[in-house]
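Please work from the sequences and hints to get the whole structure.
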Amino acid sequence: MYTWTHVWLMPLNLQKCFVLRLGRNNPNIAYTLNNYVLESVQQINDLGVILDKKLSFSEHTVHIVKEANVRSYLLQKTFTNPDKVLLKTLFVSYICPIVEYASVIWSPALVKDKQLIEKVQRRFSKYGQSLKNKSYEDRLSTLKLPTLEKRRFFNDLVCTYNILSNKFSFSLADIFVLSDISRLRGHSLKLYHENYKTKWRQNFLTNRVFQVWNRLAVEIVEATTTASFKNKLGIYLYQSS
1 MYTWTHVWLM PLNLQKCFVL RLGRNNPNIA YTLNNYVLES VQQINDLGVI
51 LDKKLSFSEH TVHIVKEANV RSYLLQKTFT NPDKVLLKTL FVSYICPIVE
101 YASVIWSPAL VKDKQLIEKV QRRFSKYGQS LKNKSYEDRL STLKLPTLEK
151 RRFFNDLVCT YNILSNKFSF SLADIFVLSD ISRLRGHSLK LYHENYKTKW
201 RQNFLTNRVF QVWNRLAVEI VEATTTASFK NKLGIYLYQS S
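Residues in the sequence shown are numbered from 1 upward in steps of one, following full-length UniProt numbering.
There is no bait here: all hints are sound.
Below, a list of computed lysine to any residue pairs in the SDA-like style, where the Cα atoms sit at most 25 Å apart:
| # | residue 1 | residue 2 |
| --- | --- | --- |
| 1 | Lys150 | Thr224 |
| 2 | Lys88 | Leu148 |
| 3 | Lys112 | Asn155 |
If you're looking for bench data, these hints aren't it; they were derived computationally from the structure.
Note that the coordinates shown come from a computational prediction; the quantities given were computed from them, not determined experimentally.
Okay, structure coming up:
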């Protein structure tokens, strides 16, 4: 790798290169680049997502919630009494990008992390004076917003569609295993149910979407564009519930 970076005139800053060891039985081997021993770390920020050796993403959850709360505070000071249309626009435009960025990768497995993220929307939805005394469910109904957990799951299914429909410029289809469709009704992209032993593997994308994806109607899964899939999926997920 070190040679490749120099051939392509993309030199590495070795002091910013680290080793993150994953798994319980990962051997404690020293890794080097050009005879420089790379530092081992317990967690690392990669493209805005904090990865730790357990892949729990709890540290990432805490980080984005703090960032979202700071921005929520600034918006509250700027817009002191927003109506429900403005309140929804502010949340979707300024808060959702923080708490949903790359959520397909880090979607939380632990209940405490899910609740911590949901508190961001619980708190923000109270900013409108007419909503303060309503329950969280009533506030969401008034604002026509789903829970953040539902929004993350929606994004999971959209990503699954894009992967299986080859909408990306590179193939990721190998992360999914398709079922034997010869004896199954419904669409032709049903997923195989993977056996898992850990909570973290259970929370992997393929296992998160398995049940709902396999129940989707043919006309949803076989949508010709991502926009069409989103529209049909939104009707199925949100209006049916």
